[in-house]
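Chemist: Residue-level listing of the chains:
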Amino acid sequence: MDSEDDMHDANDVESLEDFYSGDTAIDSDDAADGDYEFIDNDSEDEYDDFTSHRNQQNYTILSEADIRQWQENDILKISTVLSISKVEAGILLRHYNWSVSKVHDEWFADEEKVRNTVGLLERPVIEFPNAREMTCGICFEDFPSAMMSAVACGHPFCNSCWAGYLGTSINDGPGCLTLRCPDPSCAAAVGQDMINTLAREEDREKYARYFLRSYIEDNRKAKWCPAPGCDYAVDFVVGSGNYDVTCRCSHGFCWSCTEEAHRPVDCGTVCKWIMKNSAESENMNWILANSKPCPKCKRPIEKNQGCMHITCTPPCKFEFCWLCLGAWSDHGERTGGFYACNRYETAKQEGVYDESEKRREMAKNSLERYTHYYERWASNQSSRQKALQDLQLMQSVHLEKLSDIQCQPESQLKFIIEAWSQIVECRRVLKWTYAYGYYLPEHEHAKRRFFEYMQGEAEAGLERLHQCAEKELQVYLNAEGPSKEFNEFRTKLAGLTSVTRNYFENLVRALENGLADVDSHGACSRTTSSKSLGGSRSKSGRGRGTSSKSGSSSRNIDDSSHWSCEHCTFANVRSATICQMCHNRR
Amino acid sequence: MANSNLPRRIIKETQRLLSEPAPGISASPSEENMRYFNVMVLGPSQSPYEGGVFKLELFLPEEYPMAPPKLGRICLDILKDKWSPALQIRTVLLSIQALLSAPNPDDPLSENVAKHWKSNEVEAVETAKEWTRLYATGA
Ligand SMILES: [Zn+2]
Ligand SMILES: [Zn+2]
Ligand SMILES: [Zn+2]
Ligand SMILES: [Zn+2]
Ligand SMILES: [Zn+2]
Ligand SMILES: [Zn+2]
Ligand SMILES: [Zn+2]
Numbered sequence: 001m002d003s004e005d006d007m008h009d010a011n012d013v014e015s016l017e018d019f020y021s022g023d024t025a026i027d028s029d030d031a032a033d034g035d036y037e038f039i040d041n042d043s044e045d046e047y048d049d050f051t052s053h054r055n056q057q058n059y060t061i062l063s064e065a066d067i068r069q070w071q072e073n074d075i076l077k078i079s080t081v082l083s084i085s086k087v088e089a090g091i092l093l094r095h096y097n098w099s100v101s102k103v104h105d106e107w108f109a110d111e112e113k114v115r116n117t118v119g120l121l122e123r124p125v126i127e128f129p130n131a132r133e134m135t136c137g138i139c140f141e142d143f144p145s146a147m148m149s150a151v152a153c154g155h156p157f158c159n160s161c162w163a164g165y166l167g168t169s170i171n172d173g174p175g176c177l178t179l180r181c182p183d184p185s186c187a188a189a190v191g192q193d194m195i196n197t198l199a200r201e202e203d204r205e206k207y208a209r210y211f212l213r214s215y216i217e218d219n220r221k222a223k224w225c226p227a228p229g230c231d232y233a234v235d236f237v238v239g240s241g242n243y244d245v246t247c248r249c250s251h252g253f254c255w256s257c258t259e260e261a262h263r264p265v266d267c268g269t270v271c272k273w274i275m276k277n278s279a280e281s282e283n284m285n286w287i288l289a290n291s292k293p294c295p296k297c298k299r300p301i302e303k304n305q306g307c308m309h310i311t312c313t314p315p316c317k318f319e320f321c322w323l324c325l326g327a328w329s330d331h332g333e334r335t336g337g338f339y340a341c342n343r344y345e346t347a348k349q350e351g352v353y354d355e356s357e358k359r360r361e362m363a364k365n366s367l368e369r370y371t372h373y374y375e376r377w378a379s380n381q382s383s384r385q386k387a388l389q390d391l392q393l394m395q396s397v398h399l400e401k402l403s404d405i406q407c408q409p410e411s412q413l414k415f416i417i418e419a420w421s422q423i424v425e426c427r428r429v430l431k432w433t434y435a436y437g438y439y440l441p442e443h444e445h446a447k448r449r450f451f452e453y454m455q456g457e458a459e460a461g462l463e464r465l466h467q468c469a470e471k472e473l474q475v476y477l478n479a480e481g482p483s484k485e486f487n488e489f490r491t492k493l494a495g496l497t498s499v500t501r502n503y504f505e506n507l508v509r510a511l512e513n514g515l516a517d518v519d520s521h522g523a524c525s526r527t528t529s530s531k532s533l534g535g536s537r538s539k540s541g542r543g544r545g546t547s548s549k550s551g552s553s554s555r556n557i558d559d560s561s562h563w564s565c566e567h568c569t570f571a572n573v574r575s576a577t578i579c580q581m582c583h584n585r586r
Numbered sequence: 001m002a003n004s005n006l007p008r009r010i011i012k013e014t015q016r017l018l019s020e021p022a023p024g025i026s027a028s029p030s031e032e033n034m035r036y037f038n039v040m041v042l043g044p045s046q047s048p049y050e051g052g053v054f055k056l057e058l059f060l061p062e063e064y065p066m067a068p069p070k071l072g073r074i075c076l077d078i079l080k081d082k083w084s085p086a087l088q089i090r091t092v093l094l095s096i097q098a099l100l101s102a103p104n105p106d107d108p109l110s111e112n113v114a115k116h117w118k119s120n121e122v123e124a125v126e127t128a129k130e131w132t133r134l135y136a137t138g139a
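Top line first, the protein sequences correspond to chains C and F.
So in my numbering, spot 251 of the first sequence is number 251, and the numbers just go up one at a time.
So in my numbering, spot 17 of the second sequence is number 17, and the numbers just go up one at a time.
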């Protein structure tokens, strides 16, 4: 994937002309689609050498056929190296969560111990009786020995009892994958060979499904795509940085928490935010009616008991009276006893009634704060949905139409798809930064200012880009024939795409390092980057280093025909004194 | 009616339970339904339950022995995920007896035992009589 670097150079503003007129940068599939495509895992040597293959990217999408193949491959490997049967290798691998290396390590450290734990017997516990007829230990009937079976331990049961035993276990769920000999004193494992010879057909099929699914569900580095109806799984190289993955079904999600993709916000914040939203979703009135802010810590506290003695949730644990909001410790004989509080009435008589006004005010403030963030989070969410639809419509209908009207080959219109893909991605990032902002502590003034500055810049850039892609493009779509301004439009949209990408990269980077650059935020906001946001989603190991960025930044400035804007990185023509994109002075 | 088609295994188990009862354990099938057993476990000597009788009802579901016997609310691992069709009524009852010898206060069984326990002396005598009668008729 060395061509990735070429691609990013091609995306730099100053080389846009080369990018669209030339044929070297764009004709490589890798370069053209790399940003928005998932990893292609159907490549040549995957099964022979998939370990090294996987080192180059941080996840792989697996279809059912892939899963089967990978599972088979791992079983074969273990069976060969350990000189055990494939059935035994399957039992071992499942026990060690399908980790080939773990099986290796454990086995060669203490084979005896592993065999005992997993139930792989080397020799029978009892000699399989060679009497002509024997009694089954389950049904107590007598059978000729040909109608009896046993696993490695040698404990014989009749084939019909085996079928019942296996069927009962299989119909109980995936626990059947760890089934042991029916003899209560025996731990011998029952493997798929027994299932295939003794279980009923529908049970065999069920077992095979559990076995296949186990390769994902019991595997620490694989998960199913959470999109409804999607059957793909994602194999992830843990420890390779950011968790956002995009399934072949196009659903983008966080591999770690399986919520929708939420980079640069961490899983914990996302979880809190989602819970907050569902708690608030009932409606805002509910809060006013059933909860009051704790007089000490101001968090809204729900009253869920009849008694008026309220204890705020930990860590606050302040005890107060629901009626008067006074400290519960003040409620003694003086107030008429703990459970006959009359302080509310007293307060009313004394005209301290605006206490409750204050309370309403506090509730209103906490609600208003939440509403501010929620509203922006939600509108970016719906804006993203809309952009996604527009992108799909563009790909399926409009691009072809535009190509006809403007007499441009579709390959020359990829900048529009790039723009829309960038919008979709940026809406997602922006949305999550509002959850981030909500939880950013109020007292961290410097961080908050820096964050809000970066977020504001990014948001403004995105609004310009979105508007250009949405409204200005419409003109060329509705035109009768080729417009001579179309090339200018191309430059503008591509430029905005690039500028917005830079803004968001800066924002993502700043949030991912916890706003640590708060002291040098001026320098940070000017940093130019050659890495695309879309690319960083699907490529491993990229987007962490900053060394390459200064390189491309100086290249911008060195270009004698353009100057790079300090604020937004846009490459302006030499004659311009004000940035064409952000209107800041040179 | 419920007794027709009784699997050979249940018939054999019942016969053995009656002819060779385990010491301190009695299990007798109901006449109307051979899958339904009245069980009594004698409090093991030198246990807090010595001299008492633990009464319970045991039912063999249709799926028995693939599914475990049902024993009221008693919580015993072999009656759940540790059940094996190679276990029997006798082994289950012996497990309960073993639990009575070394009761664990945190075990849900103990609570059950406490509930069902007849510590009342009069009643203990009554059960002892019944116990003797059962042994006499069973033999
Ligand atoms: Zn049998
Ligand atoms: Zn065995
Ligand atoms: Zn999917
Ligand atoms: Zn997550
Ligand atoms: Zn509080
Ligand atoms: Zn009060
Ligand atoms: Zn600018």
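FYI, nobody ran anything at the bench for these hints, they're computed from the structure.
There's no promise every hint is true.
[As the list claims (entries may be wrong)] Every beta carbon over 12 Å from chain C, so not counted as near; a handful from chain F, in silico: (1) Pro7; (2) Leu56; (3) Pro65; (4) Trp83; (5) Gln88.
[To be verified] Below, a list of computed lysine-lysine pairs in the DSS-like style, where the Cα atoms sit at most 30 Å apart: (6) C:Lys401 - C:Lys484; (7) C:Lys272 - C:Lys317; (8) C:Lys414 - C:Lys447; (9) C:Lys206 - F:Lys82; (10) C:Lys113 - C:Lys221; (11) C:Lys206 - F:Lys12; (12) C:Lys272 - C:Lys223; (13) C:Lys221 - C:Lys206; (14) F:Lys80 - F:Lys55; (15) F:Lys80 - C:Lys206; (16) C:Lys113 - C:Lys102; (17) F:Lys70 - C:Lys102; (18) C:Lys102 - C:Lys276; (19) F:Lys80 - C:Lys113; (20) C:Lys386 - C:Lys276; (21) C:Lys86 - F:Lys70; (22) F:Lys70 - C:Lys113.
Note that beta-carbon positions come from the ideal geometry of N, C-alpha and C, so glycine has one too.
Chemist: Give a verdict on every hint.
Modeler: Hints, verified against the model:
Residue-level check failed: Pro7 of chain F sits 7 Å from the nearest beta carbon of chain C, not beyond 12 Å. Look at Leu56 of chain F: its CB is around 21 Å from the nearest CB on chain C, clear of 12 Å, so calling it non-interface holds up. With 12 Å as the threshold on Cβ separation, the claim that Pro65 of chain F sits away from chain C is violated: the shortest Cβ distance comes to roughly 6 Å. Chain C draws Trp83 of chain F into its interface by the beta-carbon criterion, the shortest separation being 9 Å against a cut-off of 12 Å.
Distance to chain C contradicts Gln88 of chain F as a non-interface residue, since its nearest Cβ pair spans about 10 Å, not more than 12 Å. For the hint linking Lys401 of chain C to Lys484 of chain C, the alpha-carbon distance of about 17 Å falls within 30 Å, and the restraint holds. Between the alpha carbons of Lys272 of chain C and Lys317 of chain C the distance comes to roughly 21 Å, so the proposed pair stays at or under 30 Å and holds. Between Lys414 of chain C and Lys447 of chain C, the direct Cα distance comes to roughly 38 Å. Violation of the 30 Å bound is thereby established for this hinted pair.
Proximity of Lys206 of chain C to Lys82 of chain F is assessed by CA-CA distance (about 22 Å); at most 30 Å being required, the pair is judged to hold. At roughly 25 Å between alpha-carbon atoms, Lys113 of chain C and Lys221 of chain C fall within 30 Å of each other, so this suggested pair holds. Of the pairs offered as hints, the one joining Lys206 of chain C and Lys12 of chain F is violated, with about 34 Å between alpha carbons and a cut-off of 30 Å exceeded. At most 30 Å may separate the alpha-carbon atoms for a hinted pair to count; Lys272 of chain C and Lys223 of chain C meet this at roughly 22 Å.
Distance restraint check for Lys221 of chain C and Lys206 of chain C: the Cα-Cα separation of roughly 24 Å lies within the 30 Å cut-off, and the hinted pair is therefore satisfied. Annotation: proposed proximity of Lys80 of chain F to Lys55 of chain F holds, straight-line Cα distance about 21 Å (limit 30 Å). A distance of roughly 22 Å separates the Cα atoms of Lys80 of chain F and Lys206 of chain C; the hinted pair therefore holds under the 30 Å criterion. Between Lys113 of chain C and Lys102 of chain C the CA atoms are separated by roughly 14 Å; this keeps the pair inside 30 Å, and the hint holds.
Among the hinted pairs, Lys70 of chain F with Lys102 of chain C is inconsistent with the structure: their alpha-carbon atoms are about 41 Å apart, more than 30 Å. As the CA atoms of Lys102 of chain C and Lys276 of chain C are separated by approximately 40 Å, the hinted pair breaks the 30 Å bound. Restraint check for Lys80 of chain F and Lys113 of chain C: satisfied, since their Cα atoms lie roughly 27 Å apart, inside the 30 Å limit. Between Lys386 of chain C and Lys276 of chain C, the direct Cα distance comes to roughly 25 Å. Compliance with the 30 Å bound is thereby established for this hinted pair.
A hinted pair counts as satisfied when its Cα atoms are at most 30 Å apart, and Lys86 of chain C with Lys70 of chain F does not qualify at roughly 39 Å. With a C-alpha separation of about 36 Å, the suggested pair Lys70 of chain F and Lys113 of chain C falls outside the 30 Å cut-off, and the hint is violated.
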